[in-house]
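Below, each chain spelled out in residue letters.
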Amino acid sequence: MIDKTFASPDDALHDVADGATIMFGGFVSAGTPSNLILALQRRGTRGITGIANNIGLGDLLDVLCEKRQLAKFVATFAIRASGARKSLFEEQYARGEVALELVPQGTFVERIRAAGAGLGGVLTRTGLGTMAEEGKRIINIDGADYLLELPLRADFAFIKAHRADRMGNLAYRMAGRNFNPAMATAADVVIAEVEQVVEPGEIDPESVGTPGVYVDRVVRCDPVPVRWYG
Amino acid sequence: MAGLSRELIALRVARELREGMVVNLGIGLPTLVSSFLPPGAEILLQAEDGILGYGAISEQDFDPDLINAGGQPVTLLPGASFFDSAASFAMIRGGHVDVAVLGGLEVSERGDLANWYLPERGGGSIGGAMDLACGARRVIVAMTHTARDERPRIRRRCAYPLTAPACVDLIVTDLAVIEVRPEGLLLTEVAPGVDAAFVQARTEAELRLSPGLRQMDL
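Chains A and B, in that order, give the protein sequences. For the first sequence, position 42 matches number 42 in my numbering, and the numbering has no gaps at all. For the second sequence, position 199 matches number 429 in my numbering, and the numbering has no gaps at all.
Rather than coming from a laboratory, the hints here were simulated on the basis of the structure. Keep in mind that this is a model prediction, so the values were computed, not measured. From the three backbone atoms N, C-alpha and C, an ideal C-beta is built for every residue, glycine too. Incorrect hints may have been included.
Some chain B residues well away from chain A (every beta-carbon gap over 10 Å; in silico) [what the hints assert, rightly or not]:
#1 Glu249
#2 Pro268
#3 Leu296
#4 Asp314
#5 Ala316
#6 Arg323
#7 Arg351
#8 Asp361
#9 Thr393
#10 Glu409
#11 Pro412
#12 Ala427
#13 Leu437
#14 Pro441
#15 Arg444
#16 Leu448
The list that follows gives simulated cross-link-like pairs (lysine to any residue, SDA-like), each with its CA atoms no further than 20 Å apart [claimed, not checked]:
#17 A:Lys86 <-> B:Arg351
#18 A:Lys86 <-> B:Gly353
#19 A:Lys86 <-> B:Glu350
#20 A:Lys72 <-> B:Pro395
#21 A:Lys86 <-> B:Gly258
#22 A:Lys72 <-> B:Gly352
#23 A:Lys86 <-> B:Gly352
#24 A:Lys67 <-> A:Lys136
#25 A:Lys136 <-> B:Pro395
Simulated restraints, written as ranges between beta carbons of each label pair [as the list claims (entries may be wrong)]:
#26 B:Leu307 <-> A:Leu123: 53 to 59 Å
#27 A:Glu91 <-> B:Ala377: 46 to 52 Å
#28 B:Ala431 <-> A:Arg42: 56 to 62 Å
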């Protein structure tokens with residue numbers, strides 16, 4: 001019998017080692033694997049390269065800065081041009097204690113999708129003529145320039161869905177999809193935090209957002225109340 | 231002090247929107263546009279996090295999975311749909327979004343937009359701005375005409391790092407409505423109590439006056 005369920009988030013993270021590259025699904029408060037992030041904080045893993053849309057914006061990822069667990073972060077939104085309150089990540093970045101690679105959001109998800117779909121990269125016009133083109137190849141197709149953006153993979157993906165079955169099929173809820181389905185395809189080990197685990201067949205096959213083939217571990221957790229106060 | 235409030239800038243931007251349009255509203259001032267949509271018109275608001283057809287911002291019954299791109303809780307309108315980020319940005323890059331309303335730090339006379347990075351604060355983030363600026367069929371920038379220190383934001387060339395070159399179609403500020411044309415910037419409307427000379431004095435780039443130049447109808 002296929003059973004991918006784990007008893008706790010801490011069990012599900014048992015082999016996450018120092019120096020790991022980890023993707024985190026979620027967009028601000030939506031579809032964020034908060035219980036897995038808190039378990040990673042408890043585990044104390046260091047030297048992490050994190051990959052997520054945002055950090056320090058209602059996502060709990062900022063807790064990984066409390067004990068300097070992050071060496072590098074790849075994100076679309078991490079540093080605010082304004083705002084009174086600074087996140088720990090912003091403070092550490094300003095002091096040069098953590099590296100940051102900023103990526104346009106559409107490019108971010110396509111690089112992840114490319115990695116999971118066996119593609120060598122993607123061509124996009126986004127970022128041409130800006131700082132985002134620095135160091136990248138420009139390829140001309142039928143008279144139009146495009147930036148070559150390379151695949152983005154990870155050792156682990158921590159994702160969040162609403163429901164799962166023991167076979168790893170996932171169903172999402174509302175804007176909680178966001179980066180989770182793409183990240184589920186682009187890591188060696190995919191760990192899904194869900195609010196409910198149901199029997200196989202209870203998720204309508206029409207409603208499966210991520211087929212179980214992509215998911216290695218499932219852990220049921222009560223949602224952590226999260227919201228961004230700007 | 232002459233010039234429109236943030237709400238009136240948003241109201242003027244909303245006048246550009248029509249029945250059936252798919253519209254993305256950026257973070258900050260552009261978000262206010264959702265309060266001034268033409269009544270009765272079905273306009274589909276798109277949020278990068280994967281919603282088409284959201285409605286008013288609602289602080290009641292906060293649901294962490296139902297937010298716009300600024301993290302604000304929103305309601306859903308009949309006919310709304312959800313999708314993942316890859317689909318959301320395919321929609322944006324692929325030319326399926328009719329209008330993006332973006333905030334601005336600077337716009338150049340050829341429509342270059344700088345809106346993500348403030349060098350003097352050593353910070354900023356890209357988010358969805360570069361994709362929206364490149365991919366939306368029409369880009370409207372909503373911003374104050376000058377910075378807090380009265381430095382003009384509409385310039386011959388942008389000094390700040392660009393979001394995208396030559397992407398802006400229309401600029402709506404507290405003082406004026408300006409179209410970006412191949413031949414340069416065209417002043418088409420001025421705010422109540424303001425004339426063309428007042429606007430030009432607060433604009434680094436040269437403005438041509440539209441033959442139909444008029445006061446904004448608010």
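Evaluation of the provided hints:
Every beta carbon of chain A lies more than 10 Å from that of Glu249 of chain B, the smallest distance being close to 25 Å; the non-interface claim holds. Separation of Pro268 of chain B from chain A is adequate, the least Cβ-Cβ distance of about 26 Å exceeding the 10 Å criterion. The claim that Leu296 of chain B lies off the interface is violated: its Cβ sits roughly 5 Å from the closest Cβ of chain A, which falls inside the 10 Å cut-off. With 10 Å as the threshold on Cβ separation, the claim that Asp314 of chain B sits away from chain A is violated: the shortest Cβ distance comes to roughly 4 Å.
A beta-carbon of chain A comes within 10 Å of the beta-carbon of Ala316 of chain B; the shortest separation is about 5 Å. Against the 10 Å criterion, Arg323 of chain B falls within the reach of chain A, whose nearest CB is about 6 Å from its own CB. Not every C-beta of chain A lies more than 10 Å from that of Arg351 of chain B, the closest at about 6 Å, which undercuts listing it as non-interface. The claim that Asp361 of chain B lies off the interface is violated: its Cβ sits roughly 4 Å from the closest Cβ of chain A, which falls inside the 10 Å cut-off.
Distance to chain A contradicts Thr393 of chain B as a non-interface residue, since its nearest Cβ pair spans about 7 Å, not more than 10 Å. Non-interface status of Glu409 of chain B relative to chain A is upheld: no Cβ of that chain comes within 10 Å, the nearest being about 21 Å off. The beta carbon of Pro412 of chain B is kept farther than 10 Å from every beta carbon of chain A, the shortest such distance being approximately 18 Å. Consistency note on Ala427 of chain B: stated as away from chain A, and its beta-carbon is indeed over 10 Å from all of that chain's, at 32 Å minimum.
No Cβ of chain A comes within 10 Å of the Cβ of Leu437 of chain B; the nearest lies about 24 Å off, and the non-interface call holds. With a minimum CB-CB distance of about 33 Å to chain A, Pro441 of chain B clears the 10 Å threshold, and the non-interface call stands. In this structure Arg444 of chain B is separated from chain A by more than 10 Å, as the shortest Cβ-Cβ distance comes to about 34 Å. The Cβ of Leu448 of chain B lies farther than 10 Å from every Cβ of chain A, with a closest approach of about 27 Å, so its non-interface assignment holds.
For the given pair, Lys86 of chain A sits about 12 Å from Arg351 of chain B by alpha-carbon distance, which is consistent with the 20 Å threshold. For a cut-off of 20 Å, the pair hint linking Lys86 of chain A to Gly353 of chain B stands: about 11 Å separates their Cα positions. For the hint linking Lys86 of chain A to Glu350 of chain B, the alpha-carbon distance of about 16 Å falls within 20 Å, and the restraint holds. With a C-alpha separation of about 29 Å, the suggested pairing of Lys72 of chain A with Pro395 of chain B is violated against the 20 Å cut-off.
Annotation: proposed proximity of Lys86 of chain A to Gly258 of chain B holds, straight-line Cα distance about 18 Å (limit 20 Å). Of the pairs offered as hints, the one joining Lys72 of chain A and Gly352 of chain B holds, with about 18 Å between alpha carbons and a cut-off of 20 Å not exceeded. Between Lys86 of chain A and Gly352 of chain B the alpha-carbon distance is near 13 Å, which keeps this suggested pair within the 20 Å criterion. Restraint check for Lys67 of chain A and Lys136 of chain A: the C-alpha separation of about 34 Å exceeds 20 Å, so the hint is violated.
The straight-line distance between the Cα atoms of Lys136 of chain A and Pro395 of chain B is roughly 17 Å, inside the 20 Å bound, and the hint therefore holds. Checked against the hint of 53 to 59 Å, the C-beta distance between Leu307 of chain B and Leu123 of chain A comes to roughly 35 Å, which is inconsistent with it. A C-beta distance of roughly 26 Å is found between Glu91 of chain A and Ala377 of chain B, which places it outside the suggested range of 46 to 52 Å. A hinted range of 56 to 62 Å for the beta carbons of Ala431 of chain B and Arg42 of chain A is consistent with their spacing of about 60 Å.
Of the numbered hints listed earlier, those contradicted by the structure are 3, 4, 5, 6, 7, 8, 9, 20, 24, 26, 27.
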